[in-house]
Amino acid sequence: MATVETRALRKRFDGVAAVDGIDLPVREGEFLVLLGPSGCGKTTLLRMIAGLETPSSGDVLIDGRVVTPLPPRERNMAMVFQSYALYPHLTVADNIAFPLKAHGMRGAEAAERVQRAAAMFSIERLLKRKPRQLSGGERQRVALARAVVREPVVFLLDEPLSNLDAQLRSAARDELQQFQRRLGTTTIYVTHDQIEAMGLGDRIAVLDHGRIHHLGTPREIYADPADTFVATFIGSPPMNLVETDDIITGFRPEQFMPIEALPADEPVRRFTLDVGRVEYLGADRLVYGTLAPPLPPSRVIARLPAGPELPVSTGERHEFAVRERDLRHFDRASGRRVN
Amino acid sequence: MRAPAARHGPTLLDDERWLGRLLLAPAILYIVLLVGFPFAIGLYYSVSDATVGTRTLHFVGLDNFRLALENATFWQSLRNAVVFTLVSQAFVVVLGKILAMALYRDFRGKWLVRFLILLPWVAPISLGSIGWLWIFDPVYSIINWMARGLGLLAPNAWPIWLGQPDLAMASVIMVNVWRLLPLATVIILGGLCSIPQDIHDAAAMDGAGFWRHLFLINIPLVMPIMLVALLFGIVFTFTDMIVIYVLTRGGPYDTTQVIASLAFFTGIQGGDLAGGAAIALFLFPVLVAVAILFLTLARRAEVT
Amino acid sequence: MSTSAITIKRWAARGGHFGLLAAFVAFSAFPFYWMLITTFKETNDLLATANNPFLFNHPPTLEHLRVLVVDTQFVRWLGNTTLVGVSVVAITLLLAVPAGYALARLAGRWGQQMAIGIFLTYLIPPTILFIPFSRIIASLGLQDSLWSLVLVYPSFTVPFCTWLLMGFFKAIPRDIEEAAMMDGYSRFGAFLKVVVPNCSAGILTAVIFAFTLVLQEFVYALTFITSSSQYTVSVGVPTFLVRGDVYFWGSMMGACLIVSVPIAIVFNLFVDRFVAGFTVGAIK
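Protein chains in written order, with UniProt numbering: chain Y, 1 to 339; chain H, 1 to 304; chain V, 1 to 284.
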């Protein structure tokens, strides 16, 4: 168990900054998710923490100790790759034992540790197989077993679920979280999938263009996004943004509803909406519309329950509103949140 | 502020740049010592009076080149080498393309067919050529026997394949085609197999017939790889002397003498190292031309 | 078009395909077929022009093979070739495996140029270098010694195998090397423990091709080696089995077959890999 920290970490490839000065403190035992669109620098950041990539400047610290010049093997971290990177020429047992052998551990102790790691992911019956004989889900478990066997101080996971099909993925997510809670090992997890990030992370760092835009709990990031990028990147459909003068006003689609649905005693902000299209999604309806004058004609979305109450139909003009306390305000020039 | 690295710290074996150089160095060194150094010596010999017997060398300027250029045999060898190379390669590329297309399809017994077609390339060239020497034997030539049996040969005609100037050149060309055809075929076949099936399907949907398909899709897509096969063929043929050494020793009357074999007969059998080295160096411009073509090709492939 | 016309067309195409292949096979394999017949035919039968050369007019004989094995040093030449082949393959692997890996992974932009440079040295033929080499070998005291061949042959097997192996190494996913580095090995350790074992097919291919190149080499052996006990097969057979005007046809043809066919079989198993490595390296 350990803390991990990066200080002013930068990485340039051919003059382009992939990671542009990141200060990231990861707490002991924490499950931290690096979330961002592809090309945002999250994988580069992870690889620098791992030691697979040399930073252009800045430092990586483990337990307060600078490890920037150390090669990966001396950082005592374990990594699970997107492709799982199992060694094709070795059996599952030898794959799991590989990190132990690399550190000079052999014999009964190594065998016992392999057994324990295999048991943790219920893959004992696969131990004699070669990686190519395994399914995607099985490979992922082997990769995890190989990562835990050495009892590293930090786990690094690079989109480990993206090669699984949708059904397996949610089960694997659940399992991953349980095992991390049980071991309590500091974990840094890279993904571009916000559902994964929300479900797994104690905290989430939202990255774009090599910078951290927001570091906070899933609740904070969703409810109080630090800037307009985070506001629109998180949530599906994203936060509605309405530009007025120097301020951008933001509100979530599910907080945007017909005025009659809101309690009369609460302060609200009213909007007149020209309803363009209504989409039924089973439990919910998405209402796409344009704000009516005097406001600029912004396109906004409302998420309403699908029931028969609150009828909204295409082509009509409707009075909508948002509770004052649900509104968020951003500076128009910088995009930063102001309230 | 940077804390001192604890424990061992990184070593040479972790540093990509240095490790790369370290791993590459022995091979480069060997190649420089065993290709670069003899090549330099060869250049030096070509401007000296080195012979097999002498220990001391004298600088003689470009005399050896002048002697070579004044020698009618040299010019004949150069002409022969060009004819030998171009005619062989024309046959090899065309036949290789046809054969590759025939082998591209699946059919029963493909393994055996491919095995038999590869034989000439795999067999040591000198031994394969010996086989042909026997086939071309002036008295017992099986070709003549078959031709006579089929009535293709006039009653008094009995061609001496390796003894008559035109026939000798045709014969060595045929043996060279025989030897290089498999290499060209497998290279072109590799290229054919790398064309995605969608392209064939799309062409079929567009109603392209055999010939349109061949000239608009097949040949253009395989072109880079055919060029590779051609470049190899040119280098191997132009600089080769084994087929000619075994079959004709350059004869009759130097009509099949090529630069490489002339260099051998002058330098090693004649003992005139300097003269031989000078003649061999005339192979070099062709290699440079091929190398430049190859680099252009590689660069173009890199861009696309 | 009626169905029968289509059927006829299909049969014609199939027949044409078959005929084409048959012609090529005849051209390629006929000399070997002829070698086979010659090997087992009595000399009198071979040299009787009245006889049908395709038939055994006398009973088949093993005399030519007996001459080859007992009266010539063919077995010794095979041994010499094997010795040279094994030594050259060892040197080649020692140099080309690290170099191919370095070019595939570690060298940056200059790596591609370097790789092409190395490959081009393979194109420099023996016929340019054999004259200077003859003096170098003499001054090293290696003339008429198999060690001269062991020294010189890597000059073409190393560039060739470096290029071939580079293609194979490029095909190995980087991830598994990085996983090995995370698991506790250095860059070099990851290469030894993970890359080399996973490239065994590529290395085997390189071994076979290096060995084949050695087996085929003629010019250097002809230049450096003068006594028959030191010949390799490719020089020994055409040199020793011709006595003035007398050609030991049967023995020569037998020797050609004995050497060619086993190699051809092994080769056939590896040719796809070879072409893949070769052309990927050349085009990509």
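Please note that the accuracy of each hint is not assured.
Claimed, not checked - Derived Cβ-Cβ restraints for the label pairs, each shown as a range:
{"id": "1", "chain 1": "H", "residue 1": "Gly151", "chain 2": "V", "residue 2": "Gly19", "range": "13 to 23 Å"}
{"id": "2", "chain 1": "H", "residue 1": "Trp111", "chain 2": "V", "residue 2": "Asn44", "range": "36 to 46 Å"}
{"id": "3", "chain 1": "V", "residue 1": "Ser229", "chain 2": "H", "residue 2": "Ile143", "range": "35 to 45 Å"}
{"id": "4", "chain 1": "H", "residue 1": "Tyr44", "chain 2": "V", "residue 2": "Asp175", "range": "49 to 59 Å"}
{"id": "5", "chain 1": "V", "residue 1": "Ser227", "chain 2": "H", "residue 2": "Trp75", "range": "47 to 57 Å"}
{"id": "6", "chain 1": "H", "residue 1": "Asn71", "chain 2": "V", "residue 2": "Lys9", "range": "51 to 61 Å"}
{"id": "7", "chain 1": "H", "residue 1": "Asp206", "chain 2": "V", "residue 2": "Ala23", "range": "27 to 37 Å"}
{"id": "8", "chain 1": "V", "residue 1": "Gly19", "chain 2": "H", "residue 2": "Trp111", "range": "15 to 25 Å"}
{"id": "9", "chain 1": "Y", "residue 1": "Gly107", "chain 2": "V", "residue 2": "Arg66", "range": "53 to 63 Å"}
Just so you know, these hints were derived from the structure itself, not from any lab. From a predicted model like this one, the values you see are computed outputs, not experimental measurements. Note that the Cβ used here is the ideal one computed from N, Cα and C, for glycine as well.
A quick look at each hint next to the structure:
Distance hint check: the CB atoms of glycine 151(H) and glycine 19(V) are about 22 Å apart, consistent with the given range 13 to 23 Å. Here the CB-CB span from tryptophan 111(H) to asparagine 44(V) is close to 38 Å, well matched to the stated 36 to 46 Å. Between serine 229(V) and isoleucine 143(H) the beta carbons are some 36 Å apart, a value that agrees with the proposed interval 35 to 45 Å. Between tyrosine 44(H) and aspartate 175(V) the C-beta distance comes to about 51 Å, which sits within the given range of 49 to 59 Å.
Between serine 227(V) and tryptophan 75(H) the Cβ separation comes to about 37 Å, which falls outside the hinted range of 47 to 57 Å. Separation of asparagine 71(H) from lysine 9(V) is about 59 Å and conforms to the stated range, judged on CB atoms against 51 to 61 Å. For the pair aspartate 206(H) and alanine 23(V), the supplied restraint of 27 to 37 Å holds, since their beta-carbon distance comes to about 32 Å. Checking the proposed 15 to 25 Å range against glycine 19(V) and tryptophan 111(H) shows it holds: the Cβ atoms sit about 20 Å from each other.
Judged by the Cβ atoms, the range 53 to 63 Å given for glycine 107(Y) and arginine 66(V) holds: they are separated by roughly 59 Å.
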